Amino acid sequence: MTKLRKILLFGVAVLLFSIAAAAEANAYVIFVSNEKDDTVSVVDSASLKVVKTIAVGHRPRGIIITPDHKTIVVCLGDDGQIAMIDANTFQVTRKFDSGSDPELLNISPDGKILYVANEDDSLVTIMDFKTGNTIEEVPIGVEPEGMAVSPDGRIVVATSESTSMAHFIDTKTYKVLANILVDSRPRYAEFTADGSKVWVTSEVGGTVSVIDAKTYKILNVIHFAIPGVRPELISPVGITFTKDGKRAFISLGKANRLAVVDTSNYNVIDYVLVGQRPWHTALSPDGSTLYSANGETNDITVVDVASLRPTKSVPVGRLPWGLAIRP
Amino acid sequence: MPRQTSKLWAKPYLAALSLACIGSLCIASADAAPKTKFWNITGDTIVKFELAPAGTGKWGPDQCKNDRDDSVDDDERLAIVGVPTGTYDARMTYKDGSVCQAKSVKVDEGKIFSIEKKDLTNCTKP
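Chains G and S, in that order, are what the protein sequence lines are.
Heads up, the first sequence is in my numbering, so the first residue is -8 and it goes up one at a time.
Heads up, the second sequence is in my numbering, so the first residue is -19 and it goes up one at a time.
One or more hints might be untrue.
[Unchecked claim] Quick list of in silico lysine-lysine cross-link-like pairs, DSSO-like style, CA-CA up to 27 Å:
no.: 1; chain 1: S; residue 1: Lys75; chain 2: G; residue 2: Lys245
no.: 2; chain 1: S; residue 1: Lys15; chain 2: G; residue 2: Lys86
no.: 3; chain 1: S; residue 1: Lys15; chain 2: G; residue 2: Lys27
no.: 4; chain 1: G; residue 1: Lys245; chain 2: S; residue 2: Lys105
no.: 5; chain 1: G; residue 1: Lys(-6); chain 2: S; residue 2: Lys45
no.: 6; chain 1: G; residue 1: Lys86; chain 2: S; residue 2: Lys75
no.: 7; chain 1: G; residue 1: Lys27; chain 2: S; residue 2: Lys45
no.: 8; chain 1: G; residue 1: Lys27; chain 2: S; residue 2: Lys86
no.: 9; chain 1: G; residue 1: Lys234; chain 2: S; residue 2: Lys97
no.: 10; chain 1: S; residue 1: Lys75; chain 2: G; residue 2: Lys27
no.: 11; chain 1: G; residue 1: Lys27; chain 2: S; residue 2: Lys98
no.: 12; chain 1: S; residue 1: Lys91; chain 2: S; residue 2: Lys105
no.: 13; chain 1: G; residue 1: Lys103; chain 2: G; residue 2: Lys61
no.: 14; chain 1: S; residue 1: Lys38; chain 2: G; residue 2: Lys27
no.: 15; chain 1: G; residue 1: Lys103; chain 2: G; residue 2: Lys121
no.: 16; chain 1: G; residue 1: Lys303; chain 2: S; residue 2: Lys98
no.: 17; chain 1: S; residue 1: Lys98; chain 2: G; residue 2: Lys245
no.: 18; chain 1: S; residue 1: Lys97; chain 2: G; residue 2: Lys27
no.: 19; chain 1: S; residue 1: Lys17; chain 2: S; residue 2: Lys98
no.: 20; chain 1: S; residue 1: Lys38; chain 2: S; residue 2: Lys86
no.: 21; chain 1: S; residue 1: Lys45; chain 2: S; residue 2: Lys83
no.: 22; chain 1: S; residue 1: Lys91; chain 2: G; residue 2: Lys86
no.: 23; chain 1: G; residue 1: Lys245; chain 2: G; residue 2: Lys163
no.: 24; chain 1: S; residue 1: Lys17; chain 2: G; residue 2: Lys245
no.: 25; chain 1: G; residue 1: Lys245; chain 2: S; residue 2: Lys28
no.: 26; chain 1: G; residue 1: Lys27; chain 2: S; residue 2: Lys17
no.: 27; chain 1: G; residue 1: Lys103; chain 2: G; residue 2: Lys188
no.: 28; chain 1: G; residue 1: Lys27; chain 2: G; residue 2: Lys43
no.: 29; chain 1: S; residue 1: Lys45; chain 2: G; residue 2: Lys234
no.: 30; chain 1: G; residue 1: Lys237; chain 2: G; residue 2: Lys163
no.: 31; chain 1: G; residue 1: Lys303; chain 2: S; residue 2: Lys97
no.: 32; chain 1: S; residue 1: Lys86; chain 2: S; residue 2: Lys28
no.: 33; chain 1: S; residue 1: Lys83; chain 2: G; residue 2: Lys27
no.: 34; chain 1: G; residue 1: Lys245; chain 2: S; residue 2: Lys38
These aren't lab readings, by the way, just hints derived from the structure by calculation.
Please read all numbers here as calculations on a predicted model, not as lab measurements.
Chain S with its partners taken away, still in its complex shape (with noise of 0.2 Å):
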């Protein structure tokens, strides 16, 4: 193949090459960069999980969805997506079917924080 033709081809091919490993680089970081966990210290199994900005009322989707027991265990971890750092209301539903709310939970994405029996607010039974 004439020298000319080749470097023609070669150059997009090139850049080719370097945005997909550009992108596999973006893609192993993202898969590094520590989650976001929430630590379930509330004494039983949770079924849903949601999180809303503190004092809004307005409730993320359901957080127990990325288990793949759809529930998180007590002194068990669940993997929270979507929530950036800031101060939420947690709302709780367990297997019984009660639902309780824990207020003003501080989230620091790529952290992990918990909530406690304690912290419960507002249950109600079903």
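One chain only, chain G, in its complex shape (with noise of 0.2 Å):
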């Protein structure tokens, strides 16, 4: 072999090299709720397979990551209780009992408190991160369960499925401070990043409300039309705001798609086709990277952010629910 061709050849392989570690260091997990299999299923975002699944508990939904990264909450709705697991050895470390059927939770900005929507109780249980000991408990309408908290930490809006409300709740006082009726079937809420503004999906009203978060008041009503897709079919469930904030993700359920919206003026700029029945989403650390749980063919669909184009499907556990990433 010519001295060129060695020093290309190595050239080559130092090249390659470097771009899988390059991969390698900027790899991050994301964690997956499988609500029938009683799993949380760990992908590794470099070679998109799962590397662990993690046994939790019964009907495991709601799912976050707490502000420090070394915790991942989930509810297990069957149990009654919440299920803490180390975010880097994959193990479950500790079990709470958080109140009859969590099915979705947040924590404050702090990582101190956590804030769990109990279904059958019609309650928002306030427990402290630590000690799993139940701060309160705030009644608010039938079946909760979507569960925002504002960038500051002052204020968490709860949204109730039945009652078709988000509820406002001041987090020193633990007051209801507003109960704002919505379009039918309220599933989520998620405040924008300056903290200014609330965005509640329902589902069976098939619309996002953009709700003021200081006056309270509806500031527009967000509705989608799909061409070839029955409007009945328009289910909106999740919420995901890009990193800028310049636009949305909307889960729409039954009509199989994610919308994407222009948050300045609130239109629809795309529908992405992703697997069947998206519930929720997660978007990867560097924001370029958007993931759907599609409960129906129990997989996970990889979102280019730029492109709006669902690139890949990784298989799970048995109905994804929702996602948590760990950087």
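Relying on the hints, combine the two individually framed chains into one complex.
See below:
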């Protein structure tokens, strides 16, 4: 082999190694709650393979990561508990009683307080993250689910499916400040990054309400229309904002798509076809990739945010519900 | 009151009190017993849900009446009442009037059973 050829081969090898090392360095982990399998799938972002399946307890749904990225917390609806998973070792470390039928939860920005929606009891249970003790129970409407925490931690917004309301709760006094009527069956709430607005999806109503977080006025109601798809199939559930806040991805459930909304004017830019019954989504740490949990195809869809194109499907457990990402 | 008389009225009183306590314990334990529930994973809201012992066609009452909304949404649970452990055919009526069945569904009293979209058969449109 000539000297030049050897140098070229060496250079290619170094380049390939560097690319692989960079990919490894930027790799993160996606945790997916599988409602029917009673497990959480751990997916490596570099290989897009399930590297571990964690048995957690019965009917895992709402799943979050703590602000310090050390712990995954997941609701176990049939056990009336929440489970804590070490985000690095993937071991279940603790379980706390959380009130009946916890469906979804959220955490304060300082990582100290958990807010849990108890679907059976029409309650928001407020818990100390460290001890698992219940601090307060706040009665709200029937069938709570959505739980959003304002960026400054002062307000929690819980939704009640049957009462069709978004409830604004003061986190210092635990008083309900406002009960806002939205379209039928609100499932999820999310604050904008500046805390000025709350977006609330209405699954049966087929809309998203945008609420002013100070005045509680509904500023806009976003409607969706997909050619060839019956309107009654459009069932908004999860919401994820892009890192710059300029776009929102809305999971449309039975319509098998994500809607992409321009947050400046509330116009729908595009619809992204994903798996069947997308429920919730999560964004990669650098904001370039979105993952959608698809309940009826038992997979997650990988979506490129820049092009709005789905690139891959990754099989996980049965009835995937929510996702949390560890950088 | 003479001691003899006080003992006479005390016995029926104590018996009644004991019966009442036993009764409340029975009610409490019945309430605490796990309920049989149907988990709807068929993809749509069911407005009528009936069970028949497998192969008999003898449909029982509409179990959706056990829900405050008289329906069970997708991914929601419905309390099932008066159905002992066994194998059943299920008949589901949807909001749009379509009717589907699921055959040989195993029901265990006090536990949760589910029906998925892939289990549906003999679907008829309105």
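Structure-based check of all given hints:
1. Only pairs whose Cα atoms come within 27 Å are accepted, and S:Lys75 paired with G:Lys245 is accepted, the gap being roughly 14 Å.
2. This hinted pair checks out: S:Lys15 and G:Lys86 have alpha carbons roughly 24 Å apart, not beyond 27 Å.
3. Among the hinted pairs, S:Lys15 with G:Lys27 is consistent with the structure: their alpha-carbon atoms are about 19 Å apart, no more than 27 Å.
4. Between the alpha carbons of G:Lys245 and S:Lys105 the distance comes to roughly 19 Å, so the proposed pair stays at or under 27 Å and holds.
5. As the CA atoms of G:Lys(-6) and S:Lys45 are separated by approximately 84 Å, the hinted pair breaks the 27 Å bound.
6. Distance hint between G:Lys86 and S:Lys75 is unfulfilled; the C-alpha atoms sit about 39 Å from each other, more than 27 Å.
7. At roughly 25 Å between alpha-carbon atoms, G:Lys27 and S:Lys45 fall within 27 Å of each other, so this suggested pair holds.
8. Between G:Lys27 and S:Lys86 the alpha-carbon distance is near 17 Å, which keeps this suggested pair within the 27 Å criterion.
9. Using a Cα cut-off of 27 Å, the hinted pair G:Lys234 and S:Lys97 is violated, with the two alpha carbons roughly 36 Å apart.
10. Distance hint between S:Lys75 and G:Lys27 is fulfilled; the C-alpha atoms sit about 25 Å from each other, no more than 27 Å.
11. About 15 Å separates the Cα atoms of G:Lys27 and S:Lys98, which keeps this hinted pair within 27 Å; it holds.
12. Note on S:Lys91 and S:Lys105: the hinted pairing is violated, with a Cα-Cα distance of about 31 Å set against a maximum of 27 Å.
13. Distance restraint check for G:Lys103 and G:Lys61: the Cα-Cα separation of roughly 13 Å lies within the 27 Å cut-off, and the hinted pair is therefore satisfied.
14. Between S:Lys38 and G:Lys27 the alpha-carbon distance is near 30 Å, which puts this suggested pair outside the 27 Å criterion.
15. With a C-alpha separation of about 7 Å, the suggested pair G:Lys103 and G:Lys121 falls inside the 27 Å cut-off, and the hint holds.
16. For the hint linking G:Lys303 to S:Lys98, the alpha-carbon distance of about 24 Å falls within 27 Å, and the restraint holds.
17. Under the criterion of a C-alpha separation no larger than 27 Å, the hint pairing S:Lys98 with G:Lys245 is consistent with the structure, at around 15 Å.
18. Distance check on the hinted pair: S:Lys97 and G:Lys27 sit about 14 Å apart at the alpha-carbon level, within 27 Å; holds.
19. Using a Cα cut-off of 27 Å, the hinted pair S:Lys17 and S:Lys98 holds, with the two alpha carbons roughly 19 Å apart.
20. Restraint check: the Cα-Cα separation between S:Lys38 and S:Lys86 comes to about 16 Å, which is no more than 27 Å; the hinted pair holds.
21. A C-alpha spacing of about 22 Å is found between S:Lys45 and S:Lys83, which places the hinted pair at or below 27 Å, so the restraint holds.
22. A hinted pair counts as satisfied when its Cα atoms are at most 27 Å apart, and S:Lys91 with G:Lys86 qualifies at roughly 22 Å.
23. Between G:Lys245 and G:Lys163, the direct Cα distance comes to roughly 38 Å. Violation of the 27 Å bound is thereby established for this hinted pair.
24. Of the pairs offered as hints, the one joining S:Lys17 and G:Lys245 holds, with about 24 Å between alpha carbons and a cut-off of 27 Å not exceeded.
25. For a cut-off of 27 Å, the pair hint linking G:Lys245 to S:Lys28 stands: about 20 Å separates their Cα positions.
26. Between G:Lys27 and S:Lys17 the alpha-carbon distance is near 15 Å, which keeps this suggested pair within the 27 Å criterion.
27. Between G:Lys103 and G:Lys188 the CA atoms are separated by roughly 24 Å; this keeps the pair inside 27 Å, and the hint holds.
28. Only pairs whose Cα atoms come within 27 Å are accepted, and G:Lys27 paired with G:Lys43 is accepted, the gap being roughly 17 Å.
29. For the suggested pair S:Lys45 and G:Lys234, the alpha carbons sit about 46 Å apart, so the restraint of at most 27 Å is broken.
30. Our distance criterion of 27 Å between C-alpha atoms is broken by G:Lys237 and G:Lys163, whose separation comes to about 31 Å.
31. Of the pairs offered as hints, the one joining G:Lys303 and S:Lys97 holds, with about 24 Å between alpha carbons and a cut-off of 27 Å not exceeded.
32. With a C-alpha separation of about 19 Å, the suggested pair S:Lys86 and S:Lys28 falls inside the 27 Å cut-off, and the hint holds.
33. Our distance criterion of 27 Å between C-alpha atoms is met by S:Lys83 and G:Lys27, whose separation comes to about 20 Å.
34. Taking the CA atoms of G:Lys245 and S:Lys38, the gap is near 33 Å; set against the 27 Å cutoff, the hint is violated.
Violated hints, listed in ascending order, are 5, 6, 9, 12, 14, 23, 29, 30, 34; each of the other numbered hints is respected by the structure.
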